[in-house]
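The primary structure of each chain is shown beneath.
Number of protein chains: 2
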Amino acid sequence: MPTTTAAYRGLLHAYKAYLPLTDRTPLLTLHEGNTPLIHAPRLSDALGVTLHLKFEGLNPTGSFKDRGMVMAVAKAVEDGATSLICASTGNTSAAAAAYATRAGLRCVVLVPDGNIALGKLAQAVAYGAEIIAVRGNFDDALTLVRDIAATEPIALVNSVNPYRLEGQKTAAFEVVDQLGRAPDILALPVGNAGNISAYHKGFREYHTHGKISRLPRLWGVQAAGAAPLALGLSHVAQPETIATAIRIGNPASAHLAREAVRDTNGLFEAVTDDEILHAYRLLAREGVFCEPASATPVAGLLKLKAQGNLDAGQHVVAVLTGNGLKDPGTALKANAVEPLVVDATLSAVLSVIRG
Amino acid sequence: MPTTTAAYRGLLHAYKAYLPLTDRTPLLTLHEGNTPLIHAPRLSDALGVTLHLKFEGLNPTGSFKDRGMVMAVAKAVEDGATSLICASTGNTSAAAAAYATRAGLRCVVLVPDGNIALGKLAQAVAYGAEIIAVRGNFDDALTLVRDIAATEPIALVNSVNPYRLEGQKTAAFEVVDQLGRAPDILALPVGNAGNISAYHKGFREYHTHGKISRLPRLWGVQAAGAAPLALGLSHVAQPETIATAIRIGNPASAHLAREAVRDTNGLFEAVTDDEILHAYRLLAREGVFCEPASATPVAGLLKLKAQGNLDAGQHVVAVLTGNGLKDPGTALKANAVEPLVVDATLSAVLSVIRG
Chain A
46 MPTTTAAYRG LLHAYKAYLP LTDRTPLLTL HEGNTPLIHA PRLSDALGVT
96 LHLKFEGLNP TGSFKDRGMV MAVAKAVEDG ATSLICASTG NTSAAAAAYA
146 TRAGLRCVVL VPDGNIALGK LAQAVAYGAE IIAVRGNFDD ALTLVRDIAA
196 TEPIALVNSV NPYRLEGQKT AAFEVVDQLG RAPDILALPV GNAGNISAYH
246 KGFREYHTHG KISRLPRLWG VQAAGAAPLA LGLSHVAQPE TIATAIRIGN
296 PASAHLAREA VRDTNGLFEA VTDDEILHAY RLLAREGVFC EPASATPVAG
346 LLKLKAQGNL DAGQHVVAVL TGNGLKDPGT ALKANAVEPL VVDATLSAVL
396 SVIRG
Chain B
46 MPTTTAAYRG LLHAYKAYLP LTDRTPLLTL HEGNTPLIHA PRLSDALGVT
96 LHLKFEGLNP TGSFKDRGMV MAVAKAVEDG ATSLICASTG NTSAAAAAYA
146 TRAGLRCVVL VPDGNIALGK LAQAVAYGAE IIAVRGNFDD ALTLVRDIAA
196 TEPIALVNSV NPYRLEGQKT AAFEVVDQLG RAPDILALPV GNAGNISAYH
246 KGFREYHTHG KISRLPRLWG VQAAGAAPLA LGLSHVAQPE TIATAIRIGN
296 PASAHLAREA VRDTNGLFEA VTDDEILHAY RLLAREGVFC EPASATPVAG
346 LLKLKAQGNL DAGQHVVAVL TGNGLKDPGT ALKANAVEPL VVDATLSAVL
396 SVIRG
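Those protein sequences? They're chains A and B, same order as listed.
Take the first sequence: its position 247, counted from the start at 1, is 292 in the numbering used here, and no numbers get skipped.
Take the second sequence: its position 128, counted from the start at 1, is 173 in the numbering used here, and no numbers get skipped.
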């Protein structure tokens, strides 16, 4: 369990007994983890349960990816790497770039050429990563970084890096430590399926160590346009959803995710973009502004509740994986606000306020 | 001092002994505060001091404003308010809207019409605030909200609200609790001058209670184009700087800020936009991505060091007031990256990587 705030020194220190550290692993940190578990009173009422939100958007680079990346980069340093590489247009590149520069390593990010929204890469650019756009799609970029890491002295930090899962599992520890017990259900977004696998691993380890007496049911929620696990498909050829962070048709950790659900008597569910945006607005009205993808577990809970498949009185945790500031455009579109323009007089403003 | 992460319940709970709470004050929280104090090894070397960064960008809405706002909104609820109002185009409106919706209050935000960057208001919009644009400038909007709050049953939460300072002073407590002592110097951005006044109040109170034996010197750093305090002027008519969060020509708390500097043997300094952007890049290379305004204290420290006015070996804390995700555009402009585009072949990518 993390010690007092006064002494908080990051995940590798807080959970060192559970992580693959050696005497030579640097205790790298940007103070990742230690994210809030926020009670959601209105959604709790609507769902008939006690709902807490694990707000991973308050990690250093704004997403849960920092947990896995701090572990992966620390091990890369231990192994003598001087460069990192990844293929990513989003949260992974931000986390990789931040921990690379913190550790004094070079960071190369491969992205598909064409419709690169450079804004999505603003963080990686700020942290000093080198961006290379390849004339191909995302899969081409991923194949290239795997090939390069196989032959060059460059550490690959995409999700195939096994240390990512090790770091990410600490979120399960924190949920238990903060709640003082295991939740009955933990619901989370599923894209590449690494995170649900990491939570499963974390809860399993806490169970083995006697920290919890049973496992939470893992409810993995996918966007309907990118839902191979929920739909029982091997993959989806053209994934599409507003929740870009989980717009993945062929999850790398699909088999681990299926095992996580089977082992915990959990489930997969799919929700539409409209359902995601509805949950996204409800979360913001609780005072928590997350990425659209982060709203999928809450959309899933609302759907399962409506179907009569959410028993009352349970302790439920929804994992909000990223910060809403990563995607302000969706906030504006989802709320469709046109500011009223009035004269700068007391009477004009008051007439608007009084309605 | 905040208790363990497991039990962290927000600022009002953590520092209740130091805050103006009554039995009727709700312990409102979005888990604000408890922000990291991050060691900056490279900047420490460059400055010849031990530098820590108090990263306020990891507050719930991404800036230090949450500290003051949770206190102001809790008191508004206690006083029976059902609506809040403020004039703001930035961090204040985000914090006001978040805590208003959390507390179940209506939130009205007045902004000047004309060049409204709606993106700046994405958070307030997401949290459900009502935006009214008035045909006038920012001062007109501020005058209107003051007039409205004077006659209507609507709580004003701009910085004239005295509870804002009470909440903000908790940042000084956290710095001491986290560092285990008072720093020798605390450097921070100065715009409207509320924050430096709040730190002064906080350190004074910890001194009175015997938590620290002497006050840190307060170094307030302004952007050169908006630096009335550093330049000894009553105000600046047309403030201009890339650091929009401190682009203020007539600081509301100027007298308190002057008193804070006088009382602590501190100083005011001004830095150019180029110096701010240089510091902003150096901070990102430490792995901390902040708002441009947040880089001003580090720019000031570098300037004072170059002038021979920063004694070696001291403990220095720089306050980074906001998250870099609030302003991704500046990250892209400040780093001027044009991604290299190459064919999706191993040889093409390797030739770039090998240089």
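These are calculated hints, taken from the structure and not from any lab test.
Just so you know, even glycine gets a beta-carbon here, dropped at the ideal spot from N, CA and C.
One should not assume that every hint holds.
[What the hints assert, rightly or not] Pairs of lysine-lysine residues, derived as BS3-like cross-links and limited to a Cα-Cα distance of at most 30 Å, are as follows:
#1 Lys165(A) - Lys350(B)
#2 Lys165(A) - Lys350(A)
#3 Lys348(A) - Lys246(A)
#4 Lys246(B) - Lys61(B)
#5 Lys165(B) - Lys378(A)
#6 Lys256(B) - Lys246(B)
#7 Lys61(A) - Lys256(A)
#8 Lys350(A) - Lys378(A)
#9 Lys165(B) - Lys165(A)
#10 Lys378(B) - Lys348(B)
#11 Lys165(B) - Lys350(B)
#12 Lys378(A) - Lys246(B)
[Stated by the list, open to error] Take a look, some chain A residues computed to stay more than 10 Å from chain B by CB distance:
#13 His58
#14 Thr127
#15 Glu197
#16 Pro284
#17 Thr317
Right, here's what the structure says about each hint:
1. Lys165(A) - Lys350(B): violated (36 Å)
2. Lys165(A) - Lys350(A): violated (34 Å)
3. Lys348(A) - Lys246(A): Holds, because 27 Å separates the two Cα atoms, which is no more than 30 Å.
4. Lys246(B) - Lys61(B): holds (16 Å)
5. Lys165(B) - Lys378(A): holds (14 Å)
6. Lys256(B) - Lys246(B): holds (14 Å)
7. Lys61(A) - Lys256(A): This hinted pair holds, its Cα atoms lying about 16 Å apart.
8. Lys350(A) - Lys378(A): holds (27 Å)
9. Lys165(B) - Lys165(A): Given pair lysine 165(B), lysine 165(A) holds - Cα atoms ~17 Å apart, limit 30 Å.
10. Lys378(B) - Lys348(B): holds (23 Å)
11. Lys165(B) - Lys350(B): This hinted pair is violated, its Cα atoms lying about 34 Å apart.
12. Lys378(A) - Lys246(B): Cα-Cα ~41 Å, so violated.
13. His58: holds (13 Å)
14. Thr127: Correct as stated: the minimum Cβ-Cβ distance to chain B is 12 Å, above 10 Å.
15. Glu197: About 7 Å separates glutamate 197(A) from the closest Cβ of chain B, which leaves it inside 10 Å; violated.
16. Pro284: With a cut-off of 10 Å, proline 284(A) remains clear of chain B, as the shortest Cβ separation is near 20 Å.
17. Thr317: holds (20 Å)
Checked against the numbered hints given earlier, the structure breaks hints 1, 2, 11, 12, 15 and satisfies all the rest.
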